[in-house]
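Asks: Can you join these two chains into the complex? Each is in its own frame, and there are hints to help.
Each chain, letter by letter, is given below.
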Amino acid sequence: EDQVTQSPEALRLQEGESSSLNCSYTVSGLRGLFWYRQDPGKGPEFLFTLYSAGEEKEKERLKATLTKKESFLHITAPKPEDSATYLCAVAPLGGGYNKLIFGAGTRLAVHP
Amino acid sequence: NAGVMQNPRHLVRRRGQEARLRCSPMKGHSHVYWYRQLPEEGLKFMVYLQKENIIDESGMPKERFSAEFPKEGPSILRIQQVVRGDSAAYFCASSPRQERTEAFFGQGTRLTVV
Numbered sequence: 001e002d003q004v005t006q007s008p009e010a011l012r013l014q015e016g017e018s019s020s021l022n023c024s025y026t027v028s029g030l031r032g033l034f035w036y037r038q039d040p041g042k043g044p045e046f047l048f049t050l051y052s053a054g055e056e057k058e059k060e061r062l063k064a065t066l067t068k069k070e071s072f073l074h075i076t077a078p079k080p081e082d083s084a085t086y087l088c089a090v091a092p093l094g095g096g097y098n099k100l101i102f103g104a105g106t107r108l109a110v111h112p
Numbered sequence: 113n114a115g116v117m118q119n120p121r122h123l124v125r126r127r128g129q130e131a132r133l134r135c136s137p138m139k140g141h142s143h144v145y146w147y148r149q150l151p152e153e154g155l156k157f158m159v160y161l162q163k164e165n166i167i168d169e170s171g172m173p174k175e176r177f178s179a180e181f182p183k184e185g186p187s188i189l190r191i192q193q194v195v196r197g198d199s200a201a202y203f204c205a206s207s208p209r210q211e212r213t214e215a216f217f218g219q220g221t222r223l224t225v226v
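Keeping their order, the protein sequence lines are chains A and B.
Using the working numbering, read the first sequence as starting at 1 and increasing by one per residue.
Using the working numbering, read the second sequence as starting at 113 and increasing by one per residue.
Only chain B is shown next, with the shape it has when bound in the complex (with noise of 0.2 Å):
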């Protein structure tokens, strides 16, 4: 059973470029959270999604950020017209059910905006 899988694990983008970040959840799994982790800071929530809906967004930046997570494919974070405080390691997280239930998270997708 193949773990939360993120690609790419590793992206550069100039300043004012878009950035796509792509995390495909466990097998079975319906829940997608996304987390951002700055350099020396603990993880941040952004948004909150399952199948075709988002469900809590409140840690997402008001512009540049949105996230989906469509009935087919992968959830998507993009992240339009990047600068460089953009940079970061973006994790995603999935369960199966949003009770009781720990999150398991992928290797994440390290941002470099130069």
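Isolated chain A, as found in the complex (with noise of 0.2 Å):
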């Protein structure tokens, strides 16, 4: 069965402290891998869409990378406004492009 799963559920961090949230999945064959942001009451705002193992991409403070079984969203040096749920998905070969499977999310709160 295709599958997401986030960790951890929930990370603190001082504003400034790197760190990293994790996603590993399982799935018969990957079309992609989408990350995205969501705020409270908000609906998820995309950030990133890696397609293959060993592929990277950047925006700012956020840096996703992709391996064949997981992806890791590196936070370098974040903000309060970084504070957010951090949500992961794939879409399996064989669906519509975006009939994503989500993870349960990891709840990042930056404090100053």
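Just so you know, the hints here were simulated from the structure itself, not pulled from any lab data.
Bear in mind that the values here come from a model prediction, so they are computed numbers and not experimental data.
There may be inaccurate statements among the hints.
Chain B regions said to be covered by chain A (calculated; three or more residues, Cβ under 8 Å) [claimed, not checked]:
no., region
1, 142-156
2, 202-208
Here are the simulated lysine-lysine pairs, BS3-like style, with alpha carbons at most 30 Å apart [as the list claims (entries may be wrong)]:
no., chain 1, residue 1, chain 2, residue 2
3, A, Lys42, B, Lys163
4, A, Lys42, B, Lys139
5, A, Lys63, B, Lys156
6, A, Lys42, B, Lys183
7, A, Lys69, A, Lys59
8, B, Lys163, A, Lys79
9, A, Lys42, B, Lys174
10, A, Lys57, B, Lys139
11, A, Lys59, B, Lys139
12, B, Lys156, A, Lys68
The beta carbon of each residue, even a glycine, is placed where N, CA and C say it ideally should be.
Replies: Laid out in structure tokens, this is it:
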């Protein structure tokens, strides 16, 4: 069964304290892996799509990497405005491209 | 370019009533996806539609739930005879094409069944 597991469930950081969020996935074939950010009461906001192992993408303080079994979202020198829930999702082969399987998310809190 | 628009943002229904959730995709997008987010759970796929066609409804409950995306107008997710377990946030996402593109999400409709 296709599955996505994110860890940790929650993470508290001091401003400037770098860390990584993990997304482990089990899928028969991977069409793409997505990272989204979700603020309370809002819809998911797209961050990155990764298609193949070894691929990396960066945006401001965020960097996403992909291996054959997991993805990491690295946060460098985070700021309080980076506080949000970060969602990982996979699009399996055989489904419509955006038929996504989501993990439960990592709740990130960055304190000044 | 307006984003994905969902309305209403909040909807309260009594048990047994019908709920209609609307989603207008981004301009130029003809692919619509509905997801449900139950309290303390992740987003779950419900249905994938293109204009006038249901492509994949494998995530839809077999009874009381239906979806459409007419030639003109928004996509509608309809829940008949709502029960307390239907209380959730319902999100719509749209994309311009099926292959190799991200989906943009709306702000969601939060349904509360009392």
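Asks: Quickly compare the C-alpha distance for Lys42(A) and Lys163(B) to 30 Å and report which way the hint goes.
Replies: holds (26 Å)
Asks: Holds or violated: are the alpha carbons of Lys42(A) and Lys174(B) at most 30 Å from each other?
Replies: holds (28 Å)
Asks: Hint check: Lys63(A) vs Lys156(B), CA-CA at most 30 Å. Holds or violated?
Replies: holds (26 Å)
Asks: Between the alpha carbons of Lys163(B) and Lys79(A), is the straight-line distance 30 Å or under?
Replies: Cα-Cα ~42 Å, so violated.
Asks: Is it true that the CA of Lys57(A) sits at most 30 Å from the CA of Lys139(B)?
Replies: The hint holds at about 27 Å.
Asks: Within a Cα-Cα threshold of 30 Å, do Lys59(A) and Lys139(B) meet the stated pairing?
Replies: With a Cα-Cα distance of about 25 Å, the restraint between Lys59(A) and Lys139(B) holds, given a limit of 30 Å.
Asks: Between Lys69(A) and Lys59(A), does the CA-CA distance stay at or below 30 Å?
Replies: Holds, at roughly 22 Å.
Asks: Lys156(B) and Lys68(A) were given as a pair; does the straight-line alpha-carbon distance stay at or below 30 Å?
Replies: holds (23 Å)
Asks: According to a criterion of three or more residues whose C-beta lies within less than 8 Å of a C-beta of chain A, is the region 142-156 of chain B covered?
Replies: holds (count 7)
Asks: Does Lys42(A) pair with Lys183(B) here, judged by a C-alpha cut-off of 30 Å?
Replies: OK: Lys42(A) and Lys183(B) at ~28 Å, within 30 Å.
Asks: Check, residue by residue, whether the region 202-208 of chain B contains three or more positions whose beta-carbon lies closer than 8 Å to a beta-carbon of chain A, and give the verdict.
Replies: holds (count 3)
Asks: Is the hinted pair Lys42(A) and Lys139(B) satisfied, with a Cα-Cα distance of at most 30 Å?
Replies: holds (20 Å)
Hint violations for this structure: number 8 only, all remaining hints satisfied.
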